Amino acid sequence: MSARGDNHNRRPLLKVRNLHVSAGDVEILKGLDLTVRLGEVHAIMGPNGSGKSTLTNALAGRPDYRVTAGEVLYGGKDLLKMPPDQRALEGIFLAFQYPVELPGVRNREFMKAALDAVREHRGLDKLSVREFNKLFQEKIGEVEIDPELMKRSVNEGFSGGEKKRNEIVQMAILEPKLALLDETDSGLDIDALRIVANGVNRFRGPSNAIVLVTHYQRILNYITPDYVHVLLDGRIAMAGGRELALELEAKGYEWVKEAVESGREIGV
Amino acid sequence: MARSLAATRNRYLADFRTFERGVSARGPGWLRQVRQQALSRFSELGFPTARRGNEKWKYTNVGPIADAAFSYPFHVSSEAKPADIRRVAPWDDSWTSIVFVNGRYSRALSAAPVALDGARVTNLAEAALADGDVIEKHLARHATFEDDGFTALNTAFLQDGAFVHLPEGESLPSPLHLIFVTAGDAQPTASYPRTLIVAGANSRLTVIESYVSLSPAPYFTDAVTEIVLADGAQVEHYRLLLESADAFHVGTGRVYQGRDSTFSSMSFARGAAIARNDFRVLLDGPGSSCFLNGLYVTSGTQHIDSYINIDHAEPHTTSRLYYRGILDGKSRAVFGGIVLVRPGAVKADSHQEDKNLILSEEAEVDSKPSLEIYADDVKCGHGATVGAVAEDAIFYMRSRGLDPETATAFLIKGFASEIIDAVRVQPLRSYLGRLVWRALPGVRFGRKS
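If you read the sequences in order, they're chains G and B.
Residue numbering for the first sequence follows this note's numbering, starting at 1 and increasing by one per position.
Residue numbering for the second sequence follows this note's numbering, starting at 1001 and increasing by one per position.
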């Protein structure tokens, strides 16, 4: 499955260069570089406050995050010029760390409208209601959410784990090119973690890429990344393969800090 | 100012003298007496004024109604056609629709009067002669005019209206739709719709009151509705305010509930330049309960005032008061909810909530839910919220590819749905959903399809 090596010559799907992002008056990302190609899974790890969620939110276009410098090319286009809905239509999907409740907005209607918009943008016909319902039921079944729950308003009355699974349902329906998973593993028990990971693995393929932000190594036992990046104080401090995650697990983030301070270069 | 008010009052008094000599002379003696009393009370009270200390009218200025020269429509040209009515009011062929034009019963536009197993749905003017005893017992007994100028004025001009009487254990097979339409004349007219519903013990009824317009001119509707629920009666009630943008509307609703009766109501307020809905429920029998929902949707420079009183007079009574408002433009909404729990009304269970969604920085709402509790061992709560569309929700939806307008529309629809979805009469539920959209021209729902 690993996409390392042979993939390097292909044009990047996402190219982030020297990205600086502030939330309020605080600069959180301080010159981040990241290159992602189709077929790849990148894990971004790091301690709390290192800027992991800022990265995914900035890429998705959340208004509270202000890009102050740097550039992001997505499929060769200037991503930072696009409003959030345009980014979604172009194939970017953010699985929220804290999915938002939408009172009175039914899951099915919401997803139908979103898929209609995305398909229209891709030059595809809308699915009929019947076709959509079939797809919807199938994707709900895959993450083992109670179909009765999905008849309710979006995320209203959902447990933390159910909200995360609903994000996976949405991702599977919209079939993005670049999925940004923002701590999708946090707050999940072991069964839910497996279900969510299986959903991500089903989605994973040569025509998409995944940036998976996580605090813990645990989910990487289920989703094998091609690259692991350690984010520290707003920059990628260290990068490597799958094994870097295991080393982090064993040695902790303090080890990265010390390594960086002592000037050691590790990984790519 | 004082002189102009006096002039307005004199105009109504002059109209009344003409009215007395004509149509009114035909009614029974007791009714003429009630009208006379109401008129003299109106001439003392006049219209209320918005001023400090007058809590009931603190936020709503009815000066424009008092200043305008609305006159009684003595010469009605009823040009309204069935198709016109269907254009401005919800319609379903299975409903029993009774139409009043400028306050007068229209036989041509109405369904045949219902007389099933003693149930009567008819015109108040005719019923006052035939069913005098039931009407005399209830009419103007619940909507009293001692301290209310608008009710006094309506009662003074009481002539036509809807009368519904269900004997014990009866029910109407389909919803009853009372349509009050203002039509025709370029001259500013006042109309005085009146409704009396008497639901006998254990009877069941669904009734819709619609106030609609076919008139290009400003007009004034002064409507009064009395609903009586005997023990165990169940009434489902809808009130649709769909007056024209130049209209003034003051509606007064008085509900009396006996033991174990259930009253469910939904008030939808959209139309009128200035509107006031003064609604009061008296829970006068143990075990009685009322569920009052409301949705007001305002835009432009509209002003809509909902003033709701619930009176828990007996033990084990339940009330729910759930209102929502969607405000756009420079409009203004007022919500006053007053729940009173009288001494001895133990185990009263009440909750009221008014939530508002503000779509424009220039719109304004004054929401004031309140409780007055004089009994122990009760369960009562209240709350009010006012807010704009949630930014995090908009971003969430945009991150799925919905444009901001569609995302906003989804949220507004979601906000209204809690009230709309509770409408049990189906064609009406869809109709009201569509009205919410039409009311908000700045909001586009759904992508081009």
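Everything labelled a hint here was simulated from the structure, so no lab data went into it.
Note that the structure is a prediction, hence the values are computed from the model and not measured.
Please note that the accuracy of each hint is not assured.
No more than 16 Å apart at the CA atoms, straight line, and that leaves these computed lysine to aspartate or glutamate pairs for EDC-like [what the hints assert, rightly or not]: (1) K112/G x D1403/B; (2) K163/G x E148/G; (3) K126/G x E175/G; (4) K134/G x E156/G; (5) K151/G x E1418/B; (6) K151/G x D1403/B.
Short, incomplete list of chain G residues facing chain B, as computed with Cβ under 8 Å [what the hints assert, rightly or not]: (7) A60; (8) G104; (9) V118; (10) S153; (11) G157; (12) G160; (13) G161; (14) A172; (15) L174; (16) G205; (17) P206; (18) S207.
Glycine included, every Cβ here is placed at the ideal spot set by N, Cα and C.
Against the structure, the hints:
For the proposed pair K112/G and D1403/B, the alpha carbon gap of about 14 Å is at most 16 Å, so the pair holds. A hinted pair counts as satisfied when its Cα atoms are at most 16 Å apart, and K163/G with E148/G qualifies at roughly 14 Å. A C-alpha spacing of about 14 Å is found between K126/G and E175/G, which places the hinted pair at or below 16 Å, so the restraint holds. Of the pairs offered as hints, the one joining K134/G and E156/G is violated, with about 23 Å between alpha carbons and a cut-off of 16 Å exceeded.
Taking the CA atoms of K151/G and E1418/B, the gap is about 15 Å. The hint holds against a cut of 16 Å. With a C-alpha separation of about 23 Å, the suggested pair K151/G and D1403/B falls outside the 16 Å cut-off, and the hint is violated. Proximity of A60/G to chain B holds as hinted, the smallest CB-CB distance being about 5 Å (cut-off 8 Å). The criterion of a C-beta within 8 Å of any C-beta in chain B is met by G104/G, whose closest approach is roughly 3 Å, and the hint holds.
Hint status for V118/G relative to chain B: holds, with the closest Cβ pair at about 5 Å, below 8 Å. A cut of 8 Å between beta carbons decides the hint on S153/G: the least distance to chain B is about 7 Å, and the hint holds. The beta carbon of G157/G is not positioned within 8 Å of any beta carbon in chain B (closest approach about 14 Å), and the interface hint is therefore violated. Annotation: interface hint on G160/G violated; nearest CB of chain B at approximately 16 Å, more than 8 Å.
With a least beta-carbon distance of about 18 Å to chain B, the hint placing G161/G at the interface is violated under the 8 Å criterion. Taking 8 Å as the C-beta cut-off, the interface hint given for A172/G is violated, the closest approach to chain B being about 13 Å. For L174/G, the suggested interface contact is upheld, since its CB lies about 7 Å from the closest CB of chain B, less than 8 Å. The criterion of a C-beta within 8 Å of any C-beta in chain B is not met by G205/G, whose closest approach is roughly 20 Å, and the hint is violated.
For P206/G, the interface hint is violated, the least distance from its beta-carbon to any beta-carbon of chain B being 23 Å, above 8 Å. Given the 8 Å rule on beta carbons, the hint for S207/G is violated: about 18 Å separates it from the nearest Cβ of chain B.
Of the numbered hints listed earlier, those contradicted by the structure are 4, 6, 11, 12, 13, 14, 16, 17 and 18.
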